[in-house]
Amino acid sequence: MNIDELRRKAVQIRMDLLRMIHHAKTGHTGSSLSNTDILVALYYGVMRVDAARPKWEERDRFIASKGHAVESLYCILADKGFFPKEELKTYSRFGSRLIGHPNNKVPGVEMNTGALGHGLSIAVGMAKAAKMDGKPYRVYTLMGDGEQAEGSVWEAAMAGAHYKLDNLIGIIDRNKLQISGTTEEVMGLEPLEEKWAAFGWNVVPVNGNDMAELVDALQAAPREAGKPILLMAYTTKGKGVSFAENVPHWHHHVPSDAELEQALAELAGQLQEIAGDRV
Amino acid sequence: MNQIANRQALCEKLLELARKDRDIVLLASDSRGSASMVPFVKELPEQFVETGIAEQNIVGIAAGLAHSGKKPWVTSPACFLSMRAIEQVKVDVAYSATNVKLIGISGGVSYGALGMSHHSLQDIAVTRAIPGLAVILPADRHETKRMTEALAAHEGGVYVRIGRNPVEDSYESDDYPFEIGKAVTMREGNDVTLIAAGETVRVALDAADLLRADGVGCRVLNMHTIKPLDTEAILKAAEETGRIITLEEHSIYGGLGAAVAETVVQHRPVPMRILGIPDEPAITGKTSEVFAHYGISAANVRTVALAMSGKG
Ligand SMILES: Cc1ncc(C[n+]2csc(CCOP(=O)(O)OP(=O)(O)O)c2C)c(N)n1
Chain S
11 MNIDELRRKA VQIRMDLLRM IHHAKTGHTG SSLSNTDILV ALYYGVMRVD
61 AARPKWEERD RFIASKGHAV ESLYCILADK GFFPKEELKT YSRFGSRLIG
111 HPNNKVPGVE MNTGALGHGL SIAVGMAKAA KMDGKPYRVY TLMGDGEQAE
161 GSVWEAAMAG AHYKLDNLIG IIDRNKLQIS GTTEEVMGLE PLEEKWAAFG
211 WNVVPVNGND MAELVDALQA APREAGKPIL LMAYTTKGKG VSFAENVPHW
261 HHHVPSDAEL EQALAELAGQ LQEIAGDRV
Chain R
2 MNQIANRQAL CEKLLELARK DRDIVLLASD SRGSASMVPF VKELPEQFVE
52 TGIAEQNIVG IAAGLAHSGK KPWVTSPACF LSMRAIEQVK VDVAYSATNV
102 KLIGISGGVS YGALGMSHHS LQDIAVTRAI PGLAVILPAD RHETKRMTEA
152 LAAHEGGVYV RIGRNPVEDS YESDDYPFEI GKAVTMREGN DVTLIAAGET
202 VRVALDAADL LRADGVGCRV LNMHTIKPLD TEAILKAAEE TGRIITLEEH
252 SIYGGLGAAV AETVVQHRPV PMRILGIPDE PAITGKTSEV FAHYGISAAN
302 VRTVALAMSG KG
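Those protein sequences? They're chains S and R, same order as listed. If you read the first sequence in my numbering, its first letter stands for residue 11, the second for the next number, and so on. If you read the second sequence in my numbering, its first letter stands for residue 2, the second for the next number, and so on.
These are computed hints drawn from the structure, not numbers from a lab.
Derived DSS-like pairs (lysine-lysine); straight-line CA-CA distance at most 25 Å:
hint, chain 1, residue 1, chain 2, residue 2
1, S, LYS95, R, LYS287
2, S, LYS35, R, LYS287
3, R, LYS91, R, LYS228
4, S, LYS186, S, LYS205
5, S, LYS65, S, LYS95
6, S, LYS115, S, LYS35
7, S, LYS186, R, LYS43
8, S, LYS99, R, LYS287
9, R, LYS287, S, LYS115
10, S, LYS90, S, LYS65
Just so it is clear, the structure is predicted and the values come from calculations on it, not from any experiment.
The shape of chain S in the complex, shown without the other chains (with noise of 0.2 Å):
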């Protein structure tokens, strides 16, 4: 896909989670948002998957380690026709397999997430299996920056350095909100692009809600063999609906009928602008 293509398609899958969110009464709306512009262009136009084999041993991997904003990801498969699209309907009702966090019940997704600070030790065990296999896939994981006072994070970001893990994309969605307020009120971790240059990893500073500057940073990975990279990727929490950006209740707070409507709108018309760019 083309970067306009991938720009229309993250319109979408907001559009997609927000109608999800909406008709469920719950999920992570602005962790969603955050994050959406990544996940679209991990798995449009980077990530070598294949809906038709979840299982495909070559297959890159996703480990959502912010696992709270899987409505963005059940979205993605769903459109990639991983499972039906249908199903995003149960979402978070009784019995249903699409829950409030990443279920391997679905298909596409590896690993259970949700408990904060698990995802890079667990994408260090899988990059560490490839390269011990000899085998080309990657390993990309998601992380949220709250999520950085986790010290499980950091034992994991040691062993990424140590292990030479080349194969290994750790993605920061530096939105600089958590559920209590901002990240230096909450715990404070600036300079963080330091910390991880500190710990040996490869950081690259990215608009990660410019589509172009994401698909680029992660297609040159690798950079530098035997270094992790580490995406540090500045974000607005509740991209693409102007009232929930930046706003931390919207965290989880899920969308009126009237503020459906409003933020549908806003993004049919941001389909619009995308369109008229090429024209």
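Given chain S, put chain R with the ligand in place with the hints provided.
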């Protein structure tokens, strides 16, 4: 239906106590909202410590505060506080005998559709295996209030689990004695005893009402303290009613039922049934849907009790 969640009742009482006792310190792990602790943070910011998303760290910091004479109350999601930080709970709190109150919020299946990562259905099993740690599940807002006072007066480590949503009252008021380690007899009866804790107390009371209509005298024990366990009340129930049913929002392994069974089987064997969540990732849904699915309901308790007493 009562609209006050137990976490809210706890915040109100704790705030009241902390205004008078400046050594009380509240801690939260990016969870002050879900713990309903925002009023506390607003009013007494000097008595509040935020750790961010770091459950091991929060317990260790609390132990350090306690060692230095503070009275820390840690509020954090029950699933992570009880399991992710369990080694800090074992070593820094229980083993080192620091006065830390660990309040697990949104326990059991009250996080509903968020799935097994967010359910705490093993917390009683792990915490009650730790020497010196008290384990308490209050039934409703009234009991939460009484318990909070009792805990403030208690020196030592405690793990408390409370749910997320308002629960129907089990008590008519908060005007009753609450004692750590002492079960409360909520209904008298001599045919069968229901033992429950936390949000299942209400279910047990409803079941007892159904059974009364069937002519079955049903005793209900609110075993709010799972450790130290009120073995006296259990043995008396075994002796006088001859049958016991336990009811819990927990895995059938290692929880209230297991604790009661350990006592019964060693000292006064009588027929027992343990109702809880089976050994599987719990089905997701609202608490009421999950409870109904696993037979943690007044109707099912009635069926089990009738069968046990030969009247089914
Ligand atoms: C171990 C653990 N502790 C607490 C939580 C509860 N929780 C879910 S999302 C969240 C905030 C995440 O913030 P951040 O990592 O910045 O991600 P964002 O949604 O802002 O992208 C918290 C505390 C959790 N899921 N796991």
